[in-house]
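Can you make the complete structure from the sequences, with help from the hints?
Listed below are the residues making up each chain.
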Amino acid sequence: MAREALLKIESLGVAIGAARVLENVSLDVARGEILGLVGASGSGKSMTALAIMRLLPHGARATGSVSFEDRLLDAMSEEELRGVRGARIGMVFQEPMSALNPLMRIGDQVAETVTLHRAVGTAVARSLAREALDRAGLRGVELDRLPYELSGGQRQRVAIAMAVVLGPALLIADEPTTALDVGTQAEVLRLLRESSHVNGSAMILVSHDLAVISQITDRIAVMRRGEIVEQLPTAELLTREHHPYTQALLAAARLGPKRAPRRPNSAVRVLEAHDIVREYPRRRRSLTHRPAPTRAVDGVSVEVHAGETVGLVGESGSGKSSLLRVLLALERPQSGEVRLLGEAFGAARGATRKRLRRSIQVVLQDPVGSFDPRWRVERLIAEPYYALDAPPGAAALRANVAAALEEVGLCAADAARYPQEFSGGERQRIAIARALILKPAVIAFDEAVSALDVLVRAQILALLAELADRLQLAYLFVSHDLHVVRSIADRVYVMQHGRIVEEGPTERVFRAPRHTYTRALLAAIPQIGASLA
Amino acid sequence: MSVAPPSVRPGGRRGDRGAAFWAGATITSAYLAMVLIAWVWTPQDPTAIDIPGKLEGPSLHHWFGTDQLGRDVLSMIMAGARNTVGVALLSVLIGAAVGIPLGLAAAAERGVVGELIMRGNDLIFAFPALLLAILITAALGPGAINAVIAIGVFNIPVFARVVRGGSLNLWTRDYTLAARVAGKGRARISLEHILPNLATLLVVQGTIQFSLGVIAEAGLSYVGLGAQPPTPSWGRMLNEAQSLTALDPALALFPGGAVVLLVLGLNLLGDGLGRRRGA
Numbered sequence: 001m002a003r004e005a006l007l008k009i010e011s012l013g014v015a016i017g018a019a020r021v022l023e024n025v026s027l028d029v030a031r032g033e034i035l036g037l038v039g040a041s042g043s044g045k046s047m048t049a050l051a052i053m054r055l056l057p058h059g060a061r062a063t064g065s066v067s068f069e070d071r072l073l074d075a076m077s078e079e080e081l082r083g084v085r086g087a088r089i090g091m092v093f094q095e096p097m098s099a100l101n102p103l104m105r106i107g108d109q110v111a112e113t114v115t116l117h118r119a120v121g122t123a124v125a126r127s128l129a130r131e132a133l134d135r136a137g138l139r140g141v142e143l144d145r146l147p148y149e150l151s152g153g154q155r156q157r158v159a160i161a162m163a164v165v166l167g168p169a170l171l172i173a174d175e176p177t178t179a180l181d182v183g184t185q186a187e188v189l190r191l192l193r194e195s196s197h198v199n200g201s202a203m204i205l206v207s208h209d210l211a212v213i214s215q216i217t218d219r220i221a222v223m224r225r226g227e228i229v230e231q232l233p234t235a236e237l238l239t240r241e242h243h244p245y246t247q248a249l250l251a252a253a254r255l256g257p258k259r260a261p262r263r264p265n266s267a268v269r270v271l272e273a274h275d276i277v278r279e280y281p282r283r284r285r286s287l288t289h290r291p292a293p294t295r296a297v298d299g300v301s302v303e304v305h306a307g308e309t310v311g312l313v314g315e316s317g318s319g320k321s322s323l324l325r326v327l328l329a330l331e332r333p334q335s336g337e338v339r340l341l342g343e344a345f346g347a348a349r350g351a352t353r354k355r356l357r358r359s360i361q362v363v364l365q366d367p368v369g370s371f372d373p374r375w376r377v378e379r380l381i382a383e384p385y386y387a388l389d390a391p392p393g394a395a396a397l398r399a400n401v402a403a404a405l406e407e408v409g410l411c412a413a414d415a416a417r418y419p420q421e422f423s424g425g426e427r428q429r430i431a432i433a434r435a436l437i438l439k440p441a442v443i444a445f446d447e448a449v450s451a452l453d454v455l456v457r458a459q460i461l462a463l464l465a466e467l468a469d470r471l472q473l474a475y476l477f478v479s480h481d482l483h484v485v486r487s488i489a490d491r492v493y494v495m496q497h498g499r500i501v502e503e504g505p506t507e508r509v510f511r512a513p514r515h516t517y518t519r520a521l522l523a524a525i526p527q528i529g530a531s532l533a
Numbered sequence: 001m002s003v004a005p006p007s008v009r010p011g012g013r014r015g016d017r018g019a020a021f022w023a024g025a026t027i028t029s030a031y032l033a034m035v036l037i038a039w040v041w042t043p044q045d046p047t048a049i050d051i052p053g054k055l056e057g058p059s060l061h062h063w064f065g066t067d068q069l070g071r072d073v074l075s076m077i078m079a080g081a082r083n084t085v086g087v088a089l090l091s092v093l094i095g096a097a098v099g100i101p102l103g104l105a106a107a108a109e110r111g112v113v114g115e116l117i118m119r120g121n122d123l124i125f126a127f128p129a130l131l132l133a134i135l136i137t138a139a140l141g142p143g144a145i146n147a148v149i150a151i152g153v154f155n156i157p158v159f160a161r162v163v164r165g166g167s168l169n170l171w172t173r174d175y176t177l178a179a180r181v182a183g184k185g186r187a188r189i190s191l192e193h194i195l196p197n198l199a200t201l202l203v204v205q206g207t208i209q210f211s212l213g214v215i216a217e218a219g220l221s222y223v224g225l226g227a228q229p230p231t232p233s234w235g236r237m238l239n240e241a242q243s244l245t246a247l248d249p250a251l252a253l254f255p256g257g258a259v260v261l262l263v264l265g266l267n268l269l270g271d272g273l274g275r276r277r278g279a
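Those sequence lines, one after another, are chains S and X. Just so you know, the first sequence maps onto residues 1 to 533 in the numbering used here. Just so you know, the second sequence maps onto residues 1 to 279 in the numbering used here.
Bear in mind the hints are in silico, worked out from the structure with no lab data behind them. Computed from a prediction, not measured in an experiment: that's the story for all the values here. Be a bit skeptical, because a hint or two may be false.
[Claimed, not checked] Straight-line alpha carbon distances no greater than 20 Å define the calculated SDA-like cross-link-like pairs of lysine to any residue that follow:
{"id": "1", "chain 1": "S", "residue 1": "K354", "chain 2": "S", "residue 2": "K439"}
{"id": "2", "chain 1": "S", "residue 1": "K439", "chain 2": "S", "residue 2": "A390"}
{"id": "3", "chain 1": "S", "residue 1": "K8", "chain 2": "S", "residue 2": "G64"}
{"id": "4", "chain 1": "S", "residue 1": "K8", "chain 2": "S", "residue 2": "E227"}
{"id": "5", "chain 1": "S", "residue 1": "K439", "chain 2": "S", "residue 2": "A394"}
{"id": "6", "chain 1": "S", "residue 1": "K354", "chain 2": "S", "residue 2": "A390"}
{"id": "7", "chain 1": "S", "residue 1": "K354", "chain 2": "X", "residue 2": "A187"}
{"id": "8", "chain 1": "S", "residue 1": "K8", "chain 2": "S", "residue 2": "R85"}
{"id": "9", "chain 1": "S", "residue 1": "K354", "chain 2": "X", "residue 2": "G185"}
{"id": "10", "chain 1": "S", "residue 1": "K354", "chain 2": "X", "residue 2": "R188"}
{"id": "11", "chain 1": "S", "residue 1": "K354", "chain 2": "X", "residue 2": "S243"}
{"id": "12", "chain 1": "S", "residue 1": "K439", "chain 2": "X", "residue 2": "G183"}
{"id": "13", "chain 1": "S", "residue 1": "K439", "chain 2": "S", "residue 2": "A395"}
{"id": "14", "chain 1": "S", "residue 1": "K439", "chain 2": "S", "residue 2": "R470"}
{"id": "15", "chain 1": "S", "residue 1": "K439", "chain 2": "X", "residue 2": "R180"}
{"id": "16", "chain 1": "S", "residue 1": "K8", "chain 2": "S", "residue 2": "R269"}
{"id": "17", "chain 1": "X", "residue 1": "K54", "chain 2": "X", "residue 2": "S243"}
{"id": "18", "chain 1": "S", "residue 1": "K354", "chain 2": "S", "residue 2": "L388"}
{"id": "19", "chain 1": "S", "residue 1": "K354", "chain 2": "X", "residue 2": "R180"}
{"id": "20", "chain 1": "S", "residue 1": "K439", "chain 2": "S", "residue 2": "R269"}
{"id": "21", "chain 1": "S", "residue 1": "K354", "chain 2": "S", "residue 2": "W375"}
Structure, rendered in structure tokens:
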């Protein structure tokens with residue numbers, strides 16, 4: 001490479017116990033260059049980032065060499081490394097909440113980075129912090145705010161301000177936008193690119209999503225199972241043939257529109273909601289004054305027809321989850337009614353409600369929190385049987401659980417294992433098996449694939465489409481990810497501030513959005529081949 | 001994103017509990033063994049008075065010596081352990097039996113019910129533990145049974161609070177939501193999903209309350225509100241030894257040491273259990 005190398009990684013290897021996590025990883029990053037590091041979860045991307053900073057987990061052993069600004073990082077003492085970290089190499093992590101100290105004011109957190117590395121007074125450090133926060137797009141946000149007072153996107157901006165306040169030569173960003181909404185994601189990516197351009201600093205952007213990576217990087221390194229399988233300039237991503245693994249990532253990141261829209265039987269409405277209003281009381285600040293409640297869902301009507309997949313999209317805080325809880329009759333709305341299979345569900349009590357429960361199931365986002373860690377898979381999958389008046393006996397139950405497991409691509413023997421023994425994608429399969437066991441008419445999905453990496457996500461989506469066709473299921477698919485919704489839904493609702501702002505057949509909405517909010521959401525979707533505006 | 005899950009699991013479960021845990025477990029089980037033995041056998045009758053042989057030092061016949069009435073101190077310690085451990089254990093069980101359901105209910109029904117339960121807790125908490133125990137035994141009369149009740153009442157809000165805190169956290173997990181979608185009520189979810197996941201927490205808290213119960217029982221019998229004579233108890237032995245410190249300072253050593261060692265053992269055990277839980 002003609003340009004001067006800022007960071008040079010040569011045959012880096014990392015082993016934890018007997019497991020080899022990284023193998024022979026060699027990478028160069030030039031000054032001012034943005035390098036993307038992409039791969040599925042477990043491919044070693046994050047480990048590479050940590051290995052550069054010498055921040056490997058306890059018990060990990062590294063081989064090979066890492067040189068930065070012509071100094072060997074692996075030969076440095078811990079004290080010298082501390083001088084490099086934060087000052088010359090900045091880092092941004094995925095989870096903006098856990099990366100910030102919840103009890104420390106944001107100005108102090110950014111200023112701390114300064115005072116740790118430079119002998120300057122508090123006033124200077126604070127003014128540098130102010131500058132960094134301004135540049136990170138937090139102009140007008142006071143320095144004495146606490147992290148919980150900020151939105152996810154704002155917190156990530158604080159984290160970026162901390163990483164760039166000293167003008168590091170290299171910024172490492174590990175999935176910095178994965179926890180964010182699509183609109184916020186685009187803003188944060190733009191900010192990262194700008195701060196790299198303005199400071200002339202190099203950046204390593206780690207992500208599982210090739211679409212995100214392709215937006216702002218100059219060059220991409222693709223990782224699989226701890227090795228780099230291919231390095232290529234971002235501009236050539238679409239123009240030539242690649243390693244098959246890169247092709248697979250590319251295909252997964254470019255979920256196409258749904259191939260053949262199913263023809264739902266629109267005469268039968270399995271789930272319908274009319275004029276739902278859901279309010280939450282706000283915290284009282286004085287004895288005499290009761291504040292007006294927050295209206296999370298504001299007069300929403302939706303319907304799902306038999307055999308139809310309906311998408312519900314919106315950013316976090318738009319009221320999707322509140323609406324879903326009302327639809328599942330877990331919370332009572334202030335007004336409006338929910339009907340399931342033509343019967344009143346939301347207002348139903350006792351036996352009627354129990355009977356109706358059999359017809360609606362749910363798959364939730366968190367593959368870890370969705371299962372009681374003390375229950376075996378068989379008991380977990382059979383839990384919905386509680387809604388039956390006469391649950392099947394032990395033998396029938398075992399057979400049904402085995403059938404459900406096979407339906408979702410797992411095997412009958414998995415019933416005896418605990419949920420912790422499965423990967424994220426497998427756990428989502430278990431959650432789907434749990435939703436299928438009662439043969440419901442409709443399944444609600446709450447961000448069901450948002451925590452999965454692109455390859456696994458594509459597999460789960462394919463499984464869901466296949467199940468819907470074969471079992472004639474109706475889906476209500478709630479997600480902030482428009483890409484995903486487009487690939488699976490026949491019809492979509494777009495939700496903003498507790499209201500449905502647009503509704504229509506998926507392709508119509510995506511091709512010719514009518515509402516400005518829908519247009520803004522669509523414009524923010526990362527697209528391969530289309531650079532960030 | 002998550003760092004690649006290394007295929008190596010953290011070492012064997014036994015190995016990483018640490019020396020403190022094993023020390024605590026050893027001490028505690030030694031005491032429990034002593035209690036079991038004391039039920040059927042003590043070296044001598046702990047109530048047998050032998051005035052001519054009073055205040056003897058340790059010998060082969062009397063390992064820990066004799067007290068001012070010539071009673072065998074070792075036998076008294078063993079019989080006293082039966083009393084102290086029994087009272088502490090029963091009071092933990094009372095606290096758990098009442099406090100755990102209250103805590104589960106307070107977390108499941110967070111409205112008026114939950115507030116009532118927790119404010120009631122605060123009321124009990126507002127009294128210093130020992131003062132409360134003295135109040136109760138003074139009202140009900142001294143004795144081992146009343147000591148159990150007095151200490152048990154103090155344990156109730158402790159368990160209620162710990163259970164409520166842990167439950168509130170577990171109620172935010174998606175699996176409780178999944179159980180509600182299956183139609184399960186809050187009581188059933190509390191029993192099937194919440195309580196089992198609090199087990200480790202409760203074992204740790206139980207151990208700590210056990211050790212506090214030991215101190216409380218010793219304190220109550222020290223002021224004469226615990227087991228009544230002639231039943232031997234560590235607290236009263238300490239009390240009686242106090243007036244004889246000039247004559248025989250060793251006399252206070254054995255009951256005092258018995259309390260200290262048991263409390264130390266229980267705390268080490270609780271610590272070790274808590275650490276393994278990753279707290």
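Here's how the hints hold up against the structure:
1. Restraint check: the Cα-Cα separation between K354 of chain S and K439 of chain S comes to about 15 Å, which is no more than 20 Å; the hinted pair holds.
2. Using a Cα cut-off of 20 Å, the hinted pair K439 of chain S and A390 of chain S holds, with the two alpha carbons roughly 15 Å apart.
3. For the hint linking K8 of chain S to G64 of chain S, the alpha-carbon distance of about 11 Å falls within 20 Å, and the restraint holds.
4. A hinted pair counts as satisfied when its Cα atoms are at most 20 Å apart, and K8 of chain S with E227 of chain S qualifies at roughly 16 Å.
5. A hinted pair counts as satisfied when its Cα atoms are at most 20 Å apart, and K439 of chain S with A394 of chain S qualifies at roughly 19 Å.
6. For the hint linking K354 of chain S to A390 of chain S, the alpha-carbon distance of about 12 Å falls within 20 Å, and the restraint holds.
7. Using a Cα cut-off of 20 Å, the hinted pair K354 of chain S and A187 of chain X holds, with the two alpha carbons roughly 16 Å apart.
8. Distance hint between K8 of chain S and R85 of chain S is fulfilled; the C-alpha atoms sit about 16 Å from each other, no more than 20 Å.
9. With a C-alpha separation of about 11 Å, the suggested pair K354 of chain S and G185 of chain X falls inside the 20 Å cut-off, and the hint holds.
10. At roughly 15 Å between alpha-carbon atoms, K354 of chain S and R188 of chain X fall within 20 Å of each other, so this suggested pair holds.
11. About 71 Å separates the Cα atoms of K354 of chain S and S243 of chain X, which puts this hinted pair outside 20 Å; it is violated.
12. A C-alpha spacing of about 16 Å is found between K439 of chain S and G183 of chain X, which places the hinted pair at or below 20 Å, so the restraint holds.
13. Restraint check for K439 of chain S and A395 of chain S: the C-alpha separation of about 18 Å stays at or below 20 Å, so the hint holds.
14. As the CA atoms of K439 of chain S and R470 of chain S are separated by approximately 12 Å, the hinted pair is consistent with the 20 Å bound.
15. Our distance criterion of 20 Å between C-alpha atoms is met by K439 of chain S and R180 of chain X, whose separation comes to about 18 Å.
16. For the hint linking K8 of chain S to R269 of chain S, the alpha-carbon distance of about 61 Å lies beyond 20 Å, and the restraint is violated.
17. The hinted pair formed by K54 of chain X and S243 of chain X meets the criterion: a straight-line CA distance of about 15 Å does not exceed 20 Å.
18. A C-alpha spacing of about 8 Å is found between K354 of chain S and L388 of chain S, which places the hinted pair at or below 20 Å, so the restraint holds.
19. For the proposed pair K354 of chain S and R180 of chain X, the alpha carbon gap of about 11 Å is at most 20 Å, so the pair holds.
20. Of the pairs offered as hints, the one joining K439 of chain S and R269 of chain S holds, with about 17 Å between alpha carbons and a cut-off of 20 Å not exceeded.
21. Annotation: proposed proximity of K354 of chain S to W375 of chain S is violated, straight-line Cα distance about 23 Å (limit 20 Å).
The structure fails hints 11, 16 and 21 (numbered hints given earlier, in ascending order).
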